[in-house]
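A.B. asks: Chains as they are written, first to last, in my numbering: chain B, 1 to 324; chain R, 1 to 593.
Quick caveat, the hints were computed from the structure, so don't treat them as lab data.
These numbers come from a predicted model, not from an experiment.
Think of the CB as a built atom: it goes at the ideal place given N, C-alpha and C, for glycine as much as any other residue.
Any given hint could be a false lead.
[Unchecked claim] Okay, derived cross-link-like pairs now, DSS-like style, lysine-lysine, Cα gap no bigger than 27 Å in a straight line:
#  : chain 1 : residue 1 : chain 2 : residue 2
1  : R       : K258      : B       : K292
2  : R       : K133      : B       : K244
3  : R       : K227      : B       : K293
4  : B       : K220      : B       : K158
5  : B       : K244      : R       : K12
6  : B       : K63       : R       : K545
7  : R       : K258      : B       : K293
8  : R       : K227      : B       : K36
9  : B       : K63       : R       : K258
10 : B       : K33       : R       : K210
11 : R       : K139      : R       : K170
12 : R       : K35       : R       : K258
13 : R       : K146      : B       : K263
14 : B       : K207      : R       : K166
15 : R       : K146      : B       : K292
16 : B       : K32       : R       : K258
17 : R       : K53       : B       : K63
[As the list claims (entries may be wrong)] Cβ-Cβ distance ranges computed for the label pairs, FRET-style:
#  : chain 1 : residue 1 : chain 2 : residue 2 : range
18 : B       : E238      : R       : S108      : 33 to 43 Å
19 : R       : E149      : B       : D312      : 19 to 29 Å
20 : R       : E149      : B       : Q178      : 40 to 50 Å
21 : B       : Q45       : R       : I30       : 51 to 61 Å
22 : R       : G219      : B       : E203      : 42 to 52 Å
23 : R       : E60       : B       : G291      : 46 to 56 Å
24 : B       : T195      : R       : E86       : 49 to 59 Å
25 : R       : K210      : B       : E92       : 23 to 33 Å
26 : R       : I295      : B       : E92       : 35 to 45 Å
27 : B       : S243      : R       : W71       : 21 to 31 Å
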Amino acid sequence: MKKIEQIIKWFIVGVSIGILIFIGYSSYQSSKKPNKIVLVSKSIQSEYVFWETIRMGAQLAAKEEEIPFEYVGPLEEKDVDKQVEIMNSKIEEGADIILLAAADKERLALSVENAKKKGITLVSVDSSVVGQTEIVATDNVAAAQELTHYLLESINNKGEVIMLNFVQGASTANEREQGYDLVMAGQAKVKQLPTVYTEGTTESAYKKAKEIIKQYPNLKGIVGANQYMTEGICLAIEELGLSKKIKVVGFDSSNVIIEALEKGIIEAILVQKPFNMGYLGVKVAVDLFDGKKVEQDTDTGYKLITADTLYDTENQKLLYPIIR
Amino acid sequence: MKNKKSYRLQSKLMTYFFSLIMIIVIMLDIFFIYKMSEIVEKDTHVYAYEIVKQLGRNIESYIDHMREVMWMISSQDTSLINQLKEPLNQKAVRKSYFLEEMRNRGSSNGVVSINIFGENGLVLTDSASNAIKDYIDVKQMEWYTKAVEAQGKPVISASHTQNYLKNEGKWVFSLSAAIMEENKILGIVLIDMSYKNLTDMCNDIQLGEKGYVYIVGQGQEMIYHPKQQLIYSGILQEDLARVMQQEEGSFTEVLEDKRLVTVHSLKEVGWRVVGVSYIGELLVSKQEIIIPLIILTLLALVVAFLISKRIVSQTAKPIRELTEHMQEIELGKLGVEIDTQSDTEEIQCLTASFKEMVYKIEGLIEQVEDNQKKLRKSELKVLQSQINPHFLYNSLDTIIWLGEREECEKVVQMTAALARYFRLSLSKGKEVITIYEEVEHVKHYLQIQKIRYASKLTYTIEVSPDIFDEMIVKIVLQPLVENALYHGIKDLEEGGYIRVLGFREGNNIILEVYDNGKGMSREQIKNILKAPSSTSITKGGVAIKNVHERIQVYFGQDYGLSYESEYGKWTKVRITIPVIEIGEWNEKNRTNY
Numbered sequence: 001m002k003k004i005e006q007i008i009k010w011f012i013v014g015v016s017i018g019i020l021i022f023i024g025y026s027s028y029q030s031s032k033k034p035n036k037i038v039l040v041s042k043s044i045q046s047e048y049v050f051w052e053t054i055r056m057g058a059q060l061a062a063k064e065e066e067i068p069f070e071y072v073g074p075l076e077e078k079d080v081d082k083q084v085e086i087m088n089s090k091i092e093e094g095a096d097i098i099l100l101a102a103a104d105k106e107r108l109a110l111s112v113e114n115a116k117k118k119g120i121t122l123v124s125v126d127s128s129v130v131g132q133t134e135i136v137a138t139d140n141v142a143a144a145q146e147l148t149h150y151l152l153e154s155i156n157n158k159g160e161v162i163m164l165n166f167v168q169g170a171s172t173a174n175e176r177e178q179g180y181d182l183v184m185a186g187q188a189k190v191k192q193l194p195t196v197y198t199e200g201t202t203e204s205a206y207k208k209a210k211e212i213i214k215q216y217p218n219l220k221g222i223v224g225a226n227q228y229m230t231e232g233i234c235l236a237i238e239e240l241g242l243s244k245k246i247k248v249v250g251f252d253s254s255n256v257i258i259e260a261l262e263k264g265i266i267e268a269i270l271v272q273k274p275f276n277m278g279y280l281g282v283k284v285a286v287d288l289f290d291g292k293k294v295e296q297d298t299d300t301g302y303k304l305i306t307a308d309t310l311y312d313t314e315n316q317k318l319l320y321p322i323i324r
Numbered sequence: 001m002k003n004k005k006s007y008r009l010q011s012k013l014m015t016y017f018f019s020l021i022m023i024i025v026i027m028l029d030i031f032f033i034y035k036m037s038e039i040v041e042k043d044t045h046v047y048a049y050e051i052v053k054q055l056g057r058n059i060e061s062y063i064d065h066m067r068e069v070m071w072m073i074s075s076q077d078t079s080l081i082n083q084l085k086e087p088l089n090q091k092a093v094r095k096s097y098f099l100e101e102m103r104n105r106g107s108s109n110g111v112v113s114i115n116i117f118g119e120n121g122l123v124l125t126d127s128a129s130n131a132i133k134d135y136i137d138v139k140q141m142e143w144y145t146k147a148v149e150a151q152g153k154p155v156i157s158a159s160h161t162q163n164y165l166k167n168e169g170k171w172v173f174s175l176s177a178a179i180m181e182e183n184k185i186l187g188i189v190l191i192d193m194s195y196k197n198l199t200d201m202c203n204d205i206q207l208g209e210k211g212y213v214y215i216v217g218q219g220q221e222m223i224y225h226p227k228q229q230l231i232y233s234g235i236l237q238e239d240l241a242r243v244m245q246q247e248e249g250s251f252t253e254v255l256e257d258k259r260l261v262t263v264h265s266l267k268e269v270g271w272r273v274v275g276v277s278y279i280g281e282l283l284v285s286k287q288e289i290i291i292p293l294i295i296l297t298l299l300a301l302v303v304a305f306l307i308s309k310r311i312v313s314q315t316a317k318p319i320r321e322l323t324e325h326m327q328e329i330e331l332g333k334l335g336v337e338i339d340t341q342s343d344t345e346e347i348q349c350l351t352a353s354f355k356e357m358v359y360k361i362e363g364l365i366e367q368v369e370d371n372q373k374k375l376r377k378s379e380l381k382v383l384q385s386q387i388n389p390h391f392l393y394n395s396l397d398t399i400i401w402l403g404e405r406e407e408c409e410k411v412v413q414m415t416a417a418l419a420r421y422f423r424l425s426l427s428k429g430k431e432v433i434t435i436y437e438e439v440e441h442v443k444h445y446l447q448i449q450k451i452r453y454a455s456k457l458t459y460t461i462e463v464s465p466d467i468f469d470e471m472i473v474k475i476v477l478q479p480l481v482e483n484a485l486y487h488g489i490k491d492l493e494e495g496g497y498i499r500v501l502g503f504r505e506g507n508n509i510i511l512e513v514y515d516n517g518k519g520m521s522r523e524q525i526k527n528i529l530k531a532p533s534s535t536s537i538t539k540g541g542v543a544i545k546n547v548h549e550r551i552q553v554y555f556g557q558d559y560g561l562s563y564e565s566e567y568g569k570w571t572k573v574r575i576t577i578p579v580i581e582i583g584e585w586n587e588k589n590r591t592n593y
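Pulled out of the complex, with its shape left as it was, chain R reads as follows (with noise of 0.2 Å):
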């Protein structure tokens, strides 16, 4: 559980990190294709406001000769006006090598044909092939009325056929103008210009794939449209009111696709030159541009992954070692090398902090230790000095009572066990004694005892010699015979029974005593070994669980007292302890608190 909780630290990391960075990636994508067609979307602007404007200037200066001529024929000849000055009854088509002269010079530059209508009925034309439709009325022509009504100046009309020749169905546009003389109209000189030429200027231009230019008049009439049939069908439309708005520069529409268009007027013919280019299409040749952008985002991706994945392994790895330290020392090892090497400052904090930390949990469990060791040691000396002046007395009684009997042998054999049972007892201060120590000790006790109660108690003590050399607390034997005999047998009127046994059992060292007393029932079995809260325990009680609890406290809960017994026949209490060496005691007298 706790590894996964560490793992996803790194995992949550990673995922911000790198999402953090595909975002940044991926939005800087985004701004720079909205830049880029941004800027491909100006230039484009440029590029066809320049393309239109060039086109514009070409058609300018095709229509300047067409004025040339124009000029030419209405200021040079005065034999054109006294030919229209001429009376005639009926039409009349006459040759004018004048015209034919014009013609001539201005083919070269699209001029197509010039001829000129009298008023009076006459007309000139450039070449005697002209056939002149006799049965319509070149009057009613756009043409002738916009040069009526210019009163001498040029106008341009907008492109038709040659309909006032016979089968010719030549496309042209024309300038015309009336020749005036004393404010009265002559007649109207007729220019035609090659319309091809113009719509072979407007088809070479290039607009992409798609795009394309027209050519609107003031009337919103089309001069040119290369799908002319189209507007006309209804197929196609052109915004031409928005056209009409603007009188220069470009705009962008969305019809079926995103255009862009230009417009550039030509003043002084009053024609507007649109150039329609395609958005879409050089969103097509940015293509070039956006899968390159997506390789390398996707190279920059897998790279900045990589390197997040370092990162974030780098910043996680150490707060992971030190989770794993942690762990070990929740499990008890103070004693671990924290290793965590990292060069960030954050994590070298916390790796000094939590060293400190875990050597001042160190010096605070040696101080605790320090003291209960301190503690116990006192409780001992106490329990201790508790067992000694009780026996001391009882003793002292029985000698006053053996002096007053004058049994002086067995008052010297009294003292002589007392005293050496003392010696014993102290054993120099020292709280271990080995077995034989402790058996010699109990054997001076229940000599003592024997004197006093004589025949009343009678006692063996079986010891193996092999393990006399072995250690065990001192004075723990002393309280169970003590406990035998006052609650055990002392009340017998027969008199009872003690036996002392000392083995090897194992690794362990078990001794025994033996009472055939009025043994115990089960519940007192129970207590025997517990706390002295309940009423019932005696004052041997407590000496008892002091015995229990000195063995317990210097080897182990494994170790101490065991109680059997069979209620008015016997009582057995068995010590276990380990076997030990005086070295090894010491040290496990001190790691065990």
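Only chain B is shown next, with the shape it has when bound in the complex (with noise of 0.2 Å):
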């Protein structure tokens, strides 16, 4: 009988350890799923098409993912300490994921640190913040590269270029500037014109481009280093009826600049692609949650559009990422 007793025995004990097994890996998938992504933007207004084309594409990631999503920041982009305060929030929380978008790259950073010491999985999205890095945005070295690229090309690579720009807290300028730079350095016959920098409105870039032009008559080319500045542009070349003679290019879109294009004012546009952002964010984040190696630059990508190019329904997604 002892034979048989063994076998009962091994048996229960094999039946016991199964089930242990069995309820540990279910206890398992179900705790490892992060409680919820929170998404703090610059500004949460929904007027603000770019913030709201991350927050789709973050949206639909964690649908995807089947996890809870929430969408905070402060309604102006500027409001820098409306957005460390709601970032200490959801630090306190205890939120699992947090993709930021950080209005300012200093002043950020405390939170940040804080965010760490707690074990929030954190992401920068857009715009880079001092003591994260992982990031999920447009390479905008690349981009300004390909930008001023194009406006060489259609200025026969030569004559007097300039770049216009804005001062912010936010990285994106200084790379954007950096990669126009990177251009310009190699080039004999193009002369790269100091980069003048403005409050950051159109309507300062608008006064700004005007006095460029009338400084420096032999003007061929100007970059716009985001949207408000390239419409500032616009407004100036248009006005002043130089179309064509001089050779506009510009990040950004906006029904300021698409008529522009649509007139020939302006040669080209660089779009970024913010709904990837806000998708490829999540994904990175959620990846780096369940301990996978990622890279800490994602690129998201960016678009050079046209006159040409302008009504491909690629483009237009892009230009119109919200359907109204």
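Reconstruct the complex from the two isolated chains, following the hints.
C.D. replies: Dropping the structure here:
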């Protein structure tokens, strides 16, 4: 009978181990999901299509991952203090994953440090921040290089070129200028005029652009470092009737810019892919949370759009990401 | 060792039995899960196809409204045609109340705007607030070129923004048709339909948590896709080639997950509505069934284990009992009651056969015993008859010799002793006699021999009277005494002395015959009780051996003769027999064979 007792014993032991493994496995399965994903935006006003599109992308990815999604941020991009405050409250709440589009590279560093201490999975989107390595954003350097190359081609690689930039804590301005500088440095016949900085609004850019055009009568090309710079330049060129005489390229899009493109005032624009930023931001963050290896920099891509390619559905999607 | 073997049968049966059940149960489970996923998948096919078809109908009816409006415009109003025929020097935009009315009528069905672009440069709009971009060429637009190509037939163009209007980024899809007069195009009617309504329709479709619907045009262009941006960026891909092949119905594809792709073609429009369901997701919902299934399986296995244990023990137990009985019988306990109970036919058969076999063996043993006994008896008879004549001749010789010497008294004495001696020898055919009788017997023998040998022989008989009533095989002392006489002292010049002793020693009775004759060598002592194979064995030796054998046959191997001797000086032979009742003797005699 000993043998049979042994069989019974082993059988019971085996069954119990099986059940334990099963329970353990299923609880492991359920415990490994993050509680939620928070996207801390620079601005949550739905009129700001760029941020809204990031949200859409992030939300879709969160839905795919079956993780609750939260979208927070200040109303105005300039309101860095508010963003810090919101960021801190989300860290306090103990969100498992935070995607941060830092409004200021330095001023959010402390919050980032705190989040890391609490073991929160943090990923930067769009803009980098001190102390955070994983970032999902446009490769602004490369984008600026491509845009500059296009400008130089359209002026046959000779003449005076200037960039209109904005000064902010955000890293994008520096990176775009860096890319622009890289291309300009290797040019023999192109004269790089010193980059002009504005306050950042369309109004200030418009004024600066007019000043520059007056100051440099031989100016052949202008680069606008963001939407407001580009808009200001377009307005100035149109007003002065210098369309086609001074070639313009610029970052980002808006109705003003698209019209300028249709009218031939501007040669090309470079648009980012905010939808991808949101989407890939979530994917990278989830991979990071799961302990998978991720690239430090995830390029979300960009697109150079000219008047010829303006009406391609793909580009239309980038220009008008929100279906109304 | 043997016990272990029997359990091994049980555990072996158990192992086979249980493994068999386990394999069957698990196979059934696998089959069930497989079948269930098949059914679920099939259900999903049907469900997804129904959903996609329903969506297709909605889209078609949505587009039908647009066609209706188009039909009303192109067939009813002649004033429009007249306006388009007007020669104009420059571009002009006019508001048309008819178009406004048409739009208002259709707005509940998703009509966003209606415009007519005349070949003469006139643009008729449904609203004064529509700011037509004068710096773009609408003739380059897809909806324009397609309408020109279609020569009056309405055509649908893929989703786009209303890029002919200032400050609008509104997404629409359009129905456009050329207004013809005598094969000449007067203008193009453009009806823009809300694209949002279409996307809402698609978004409302539920194909599980992650499933979605998309619409693809004839040229593989995406009419609608919830992840359109990802497709453009190459992050996501759809197998459009496959979708184009599959006009109706569904197929499964494995990208990152296993997906079910269901296609429904809208023939009128030329679009394909494609539903994507995630099969992995369905399997997750199946967990609700799989967990109870696993629990049930475990329960079933436990029950199966207990039942198989019972069945196995019921089968193995009788066999084990039988084995135990066999072992007992091996040990010689033939009378064991075989009481193995079983309702199994084979085991009943086995038990019956075994019983039968044991009975037969018992019978055979009895028979062998009987035969042996008979054999022994006849042997004894022969032995006894061997003894008698030998002595008789000698005695008769002595009597003759006495008679010749006319020693009448001695003749009488001798004849009387001889007569008594033979009476006791026969002892009415009994094989066992009392010690008293045996002693009497040897006494008569010695008397006879004393007459023969006179002074050459002296003897004493000292037997304790308390053993007189004990039983002994007859004629054992006489051959010993005879041996002592003939081989011990007969050849001594000075004559010899024989002493017969009898006494009790513990549970045994000892009878001793002592002579001071020539004694025996070690060699002789060693051989005297052995089989008469050696040449040195004398007649007397045969007799001694017979005595020894007879005692052993009757009383067992522990009893018999033993010799002590000093060569040239003396010999002592000792008979050891047990104290035995006559009844006990009979039984012992029987079982010993």
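A.B. asks: Decide, hint by hint, whether the structure agrees.
C.D. replies: Hint check:
no., hint, result
1, R/K258 to B/K292, "holds (22 Å)"
2, R/K133 to B/K244, "holds (20 Å)"
3, R/K227 to B/K293, "holds (25 Å)"
4, B/K220 to B/K158, "holds (8 Å)"
5, B/K244 to R/K12, "violated (96 Å)"
6, B/K63 to R/K545, "violated (113 Å)"
7, R/K258 to B/K293, "holds (24 Å)"
8, R/K227 to B/K36, "holds (22 Å)"
9, B/K63 to R/K258, "holds (18 Å)"
10, B/K33 to R/K210, "holds (16 Å)"
11, R/K139 to R/K170, "holds (20 Å)"
12, R/K35 to R/K258, "holds (17 Å)"
13, R/K146 to B/K263, "holds (24 Å)"
14, B/K207 to R/K166, "holds (25 Å)"
15, R/K146 to B/K292, "violated (50 Å)"
16, B/K32 to R/K258, "holds (22 Å)"
17, R/K53 to B/K63, "holds (25 Å)"
18, B/E238 to R/S108: 33 to 43 Å, "holds (40 Å)"
19, R/E149 to B/D312: 19 to 29 Å, "holds (20 Å)"
20, R/E149 to B/Q178: 40 to 50 Å, "holds (49 Å)"
21, B/Q45 to R/I30: 51 to 61 Å, "holds (56 Å)"
22, R/G219 to B/E203: 42 to 52 Å, "holds (44 Å)"
23, R/E60 to B/G291: 46 to 56 Å, "holds (49 Å)"
24, B/T195 to R/E86: 49 to 59 Å, "holds (55 Å)"
25, R/K210 to B/E92: 23 to 33 Å, "holds (32 Å)"
26, R/I295 to B/E92: 35 to 45 Å, "holds (42 Å)"
27, B/S243 to R/W71: 21 to 31 Å, "violated (44 Å)"
The earlier numbered hints that this structure contradicts are 5, 6, 15 and 27.
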